[in-house]
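> Sequence:
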Amino acid sequence: MGHFPFFMEIEGKKGLIVGGGHVAARKVEKLLPFGPALKVIAPWIGEDIRVQEKLLQQNAVASLLLEERPFQKEDLDGADFVIAASDDETVNGQIAEYCRAEKILVNVVDDREKCTFLFPALVREGALTVGISTDGRSPVAASWMRRKIDDVLPEGLGVTIDLLGQIRPLVMERIQEETARKEILERMFLHCLEKAGKASLEELTEFLTSHCAAEENGKDALPGMISAEERNTE
5 MGHFPFFMEI EGKKGLIVGG GHVAARKVEK LLPFGPALKV IAPWIGEDIR
55 VQEKLLQQNA VASLLLEERP FQKEDLDGAD FVIAASDDET VNGQIAEYCR
105 AEKILVNVVD DREKCTFLFP ALVREGALTV GISTDGRSPV AASWMRRKID
155 DVLPEGLGVT IDLLGQIRPL VMERIQEETA RKEILERMFL HCLEKAGKAS
205 LEELTEFLTS HCAAEENGKD ALPGMISAEE RNTE
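My numbering puts the first residue of the sequence shown at 5, with every later residue one more than the last.
Just so you know, these hints were derived from the structure itself, not from any lab. There could be a bad hint or two in this list.
[Unchecked claim] Below 27 angstroms or equal to it, Euclidean Cα-Cα: the simulated DSS-like pairs (lysine-lysine) are:
no.	residue 1	residue 2
1	Lys-17	Lys-43
2	Lys-77	Lys-107
3	Lys-31	Lys-17
4	Lys-107	Lys-31
5	Lys-18	Lys-107
6	Lys-18	Lys-58
7	Lys-43	Lys-107
8	Lys-77	Lys-118
[Stated by the list, open to error] Pair ranges (Cβ atoms, derived):
no.	residue 1	residue 2	range
9	Glu-93	Val-156	23 to 31 angstroms
10	Leu-126	Glu-106	23 to 31 angstroms
11	Glu-51	Glu-210	45 to 53 angstroms
Glycine included, every Cβ here is placed at the ideal spot set by N, Cα and C.
Whole structure, please, built from the sequences with the hints as guidance.
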């Protein structure tokens with residue numbers, strides 16, 4: 005039937021990863037930008053994960069604690085989610101059983117039936133996050149789809165989304181009617197896309213002010229946006 009793609013806030017959440025190899029390292033790499041408090045436990049922790057620990061100083065929100073020792077059931081105490089990525093299928097299976105009993109979200113790598121959540125293939129561009137899942141049936145297909153999506157994302161999309169996030173509260177304040185508000189935000193979005201992420205908050209604010217003034221004077225809404233540079237050359 006498939007899994008519904010909930011997006012949940014994990015900043016500050018306690019995540020446990022059991023395993024110290026390449027697979028565990030990929031999970032660490034994907035999770036850290038979202039700001040969780042991760043703990044990695046394994047008898048041996050590879051350099052791929054230790055590199056992530058060194059890079060963590062660039063991300064002040066997340067944390068990463070490494071403990072080179074065997075997993076113990078008590079390690080699950082207080083965990084919000086768990087990823088079982090050890091090389092030992094028996095250990096992974098035990099972790100899944102413990103988590104189900106304690107109602108802790110668990111992902112067991114390469115064993116869909118033991119998972120209570122699936123780890124998607126991710127595409128990230130600024131605030132944009134695209135999660136791709138094949139219900140655990142074909143990670144290869146999910147990875148292929150991720151590359152396809154990544155290839156077609158417009159230049160500057162992440163910057164555009166951030167800019168629209170800054171201007172949106174002002175639009176919500178000045179334009180009460182929902183349809184008109186949606187139209188203005190869509191025009192702003194298309195304008196930013198055309199400028200490949202080089203639009204400015206000043207341009208969007210000027211457009212919104214001009215639009216509101218035109219409506220107050222009973223004039224038609226402006227047909228498009230004119231940048232500050234274009235306006236200065238007229």
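> Please go over all the hints and tell whether each is borne out by the structure.
Quick rundown of the hints versus the structure:
no.	hint	in the structure
1	Lys-17 - Lys-43	holds (11 angstroms)
2	Lys-77 - Lys-107	holds (14 angstroms)
3	Lys-31 - Lys-17	holds (15 angstroms)
4	Lys-107 - Lys-31	holds (21 angstroms)
5	Lys-18 - Lys-107	holds (14 angstroms)
6	Lys-18 - Lys-58	holds (20 angstroms)
7	Lys-43 - Lys-107	holds (19 angstroms)
8	Lys-77 - Lys-118	holds (17 angstroms)
9	Glu-93 - Val-156: 23 to 31 angstroms	violated (38 angstroms)
10	Leu-126 - Glu-106: 23 to 31 angstroms	holds (27 angstroms)
11	Glu-51 - Glu-210: 45 to 53 angstroms	holds (51 angstroms)
Violated hint: 9 only; the structure is consistent with all others.
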